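Asks: Single-letter residue listing:
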Amino acid sequence: MSVQSAVLGRTRYRDMTARHKEWVLGYAMLVPAFFFIVGLIVYPAAWAIYLSFTDKVIGQPEKFVGFDNYVWLSQWPNFGRMIWNTVLLAVVGVALKAFVGMTMALALNEQFIGRTVIRALLFMPWTVPAFVAGLIWRWMYDDQNGLFNWALLGMGLIDAPISWLGDVRYAMGAVMSVVVWKGFPFFAIAFLAGMQGIPSEQYEAAEVDGATSWQRFLYITLPGLRHVMLITCMLSLIWTANTFDLVYIMTRGGPSNATEVFTMLIYDQGIRNGRIGEASTAAMMAMPIFAGLIIILTRYLGDKDEERV
Amino acid sequence: MPTTRIGTTLTRRGMTRRTLFKTAAVGLGAISLAPLLSACGMIPGMGGDKMTIWTDATFAPPSDDFQTEEINKWAKSKNVEVEITRETGDAVRQKLQAATESKQLPDVSQIDVGRFTAFYPAGIFIDHSELYAEFGKQWGGFYKPAERIATRDGKQWMLPYSIDSNMILYRKDILEAAGFKEPPKTWDELFDMAKKAQTPPNIYGVGFQFSKAGTDAEDTFYLMMHGYGGKIVNEDGKIANIKTPEMLAFLTRIKSSWDMGVYPPGVTGWDNAANNTALQDEKVIFIQNPASPLVWFRNNKPDMLPKIGVASTPGGPKGTFNTAYVRDGFAVLNTGNQKRMDLSKDLMRHLYSKPVYTGWINLAFPSPAVSGMEDLEIWKNPQRKGFLEAAKSGILAGHPGQPSQAYSEFANRAPMISAAARMAVDGWSPEQALDELAKTAEDVFSKYK
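Taken in order, these protein sequences are the chains called A and B.
Each number in the numbering used here comes from the position in the first sequence (counting from 1) with 49 added on.
Each number in the numbering used here comes from the position in the second sequence (counting from 1) with 259 added on.
By construction, these hints were calculated from the structure, which means they are not laboratory data.
Note that the coordinates shown come from a computational prediction; the quantities given were computed from them, not determined experimentally.
Virtual Cβ for every residue (Gly too), placed ideally from N, Cα, C.
Some hints could be false.
[What the hints assert, rightly or not] Which residues of chain A face chain B? A few of them, derived with a C-beta cut under 10 Å, are:
1) Phe102
2) Val106
3) Ile107
4) Ser212
5) Val217
6) Asp258
7) Ser262
8) Arg301
9) Asn306
Turn these sequences into a full structure, and let the hints steer you where they fit.
Replies: Here it is in structure tokens:
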């Protein structure tokens, strides 16, 4: 840039109205965020969509194949089972997390000694890396040296070890239990925070009117938490539907295909076989559902902002 | 020049617009440069003269430590700076994928047969024929399975370092107590012995995994398939007729073994370590595995070690087969930096030198890929000898064809275990399992036509 144009630029800026100056500054401040969003979200997402229409294999140039990958995926032998398992894990998992989280939040909302310590401890499962949690729980469920079988055998409740992760009757439940264990603290903390925002006068008035604790929960706590519940449930639904590491470590989708979820197909095709095109297609199949959830969530959050304004 | 203040917060702090812009510009510059600066130091191939070497973490840490120490010694003698990373084979594979796509390859990577097969089409390996011939001459030649794996179009593209095999490991003491003096020669014998010698629920007969998490059993069932005359590919590497009476006989044998009740109920959920654990905890009689449990017994239960027998894989009506696969190998990667590629070749010479190679083999559990170490003391041990024999004559993945990307993808779906699990878990008939197996093969191989 020449000195002249620099001076001119400065002069022009000086001549602007205060409103224009704010406008320019505002956009200037947005530039870094814009590049980050384009670079880290838009570009990878667009690239993944493009790859899903190619036969891309690691280290080799890709060729456009149209909808071939989508046709291939729809004919995948366990496609239906995989989708069912994913939905089951996400929906039931989130419902259980919400239930356990609410129970914990209600308990921790009461005054008792050691409440702060327990609140801190409550967060622990949430902070444990999924990989570590998977290994720990795999050991606990282990049919040979696992904690649960050791305890049940010791108490004389069973005669032979139960194959928690190798029996179709228990495997999904075992995986689900870990998903819930790892995820409920998020719900509990969110609900607890939401409960702090409900005016205590409402409870006092209800108590004066003779409302039972169940009625207070039903008519004050639950309505007061409905926004928090919606947001936590939707976020958790997206996260849980994307669960991979726990399932992979605990069962690798077995026994047979009883716990196979669609993220495993993405991993197998993308990482183990280097078939990035097919892996992207598998990822894209879930995209409309997640996009729908995200749109609902953002619109809802937008509405809340407007309400506040 | 008048000072314009922007916003209440800035006014309070007394920050001028110019200061704000300067700060923002410096901040943005730093943010933009950070990845670049980081990349120069972090991404292999961009760190100046520093060599990047990716190695595998194995089940024998002392051998890993020995190797790291030797690489460092070499680096010091050559006055070269090296960065050695040691991770699981899966992690190295993932890093190689990213490195291949971004064309930021390490100088040297340890690779096994799976990684070599997967990355060979990407053209990331240099022609190793000269080094291969040099080391072959030095060590009396590479074993046949190693040569077949490393060779494509008459040239060698990697350097095999070790060959591993899965053998039958069994409880000699239990079999002897049940009246069996010799290990089983056929699959029928193995299951019969297991049935007679087992005392469930304390000790079960056979610890083969019926779970995709336990890939040892993929190998076991693959060998059983060949023993029964089944095959997935022909000699040209193209898909064979899979729906044959031989394949059906093989699957029927798995199904009948399951119905005999010789497996612990949990095998449908076992991972790759569970069969080792079962033998180590004295809960099964037979497993099929590399030598790693022997290393474990030596270190943790030495009194049990003499009670463990090692035998060749049993045979079927059409023969007896053992596997051989390159567990450890090295490849100098095509980074385009001739100076560092020459240094990498020199490092290979160091790793294949007599004291280093024999020192490593003495600490590791697989067999060497070359024939010049057969007189080492460790092969006099009958428990280890079988592994060396298998290394010489074992069959490769994709037998009777050459290991290929197509077969590698097929094997990654654990098709044998899936068929076994279908019968054991889902109650499928052998015909149904065979049908699915054939469809899986067709689906994979159709992409490589």
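Asks: Can you verify the interface hint for Arg301 of chain A: is its Cβ closer than 10 Å to any Cβ in chain B?
Replies: The hint holds - Arg301 of chain A has a Cβ within 10 Å of chain B, the shortest such distance being about 4 Å.
Asks: Grab the minimum C-beta distance from Ile107 of chain A to chain B and call the hint holds if it beats 10 Å, violated otherwise.
Replies: 5 Å, holds
Asks: Is the shortest C-beta separation between Val106 of chain A and chain B less than 10 Å?
Replies: 8 Å, holds
Asks: Under 10 Å, Cβ to Cβ, is where Asn306 of chain A needs to be relative to chain B, so tell me if that hint holds or is violated.
Replies: At about 8 Å, which falls below the 10 Å cut-off, the nearest Cβ of chain B leaves the hint on Asn306 of chain A intact, so it holds.
Asks: With 10 Å as the cut and Cβ atoms as the points, is Ser262 of chain A at the interface with chain B?
Replies: 43 Å, violated
Asks: Min Cβ distance, Asp258 of chain A to chain B: is it shorter than 10 Å?
Replies: Violated, about 46 Å.
Asks: Given Phe102 of chain A as an interface hint, is the shortest Cβ-Cβ distance to chain B below 10 Å?
Replies: 16 Å, violated
Asks: Return the status of the interface hint for Ser212 of chain A: holds when the least beta-carbon distance to chain B is below 10 Å, violated otherwise.
Replies: 4 Å, holds
Asks: Verify the interface restraint on Val217 of chain A: the C-beta must sit less than 10 Å from at least one C-beta of chain B.
Replies: Holds - the Cβ of Val217 of chain A comes within 10 Å of chain B, reaching about 6 Å at its closest.
Taken one by one, the earlier hints fail for this structure at numbers 1, 6 and 7, listed in ascending order.
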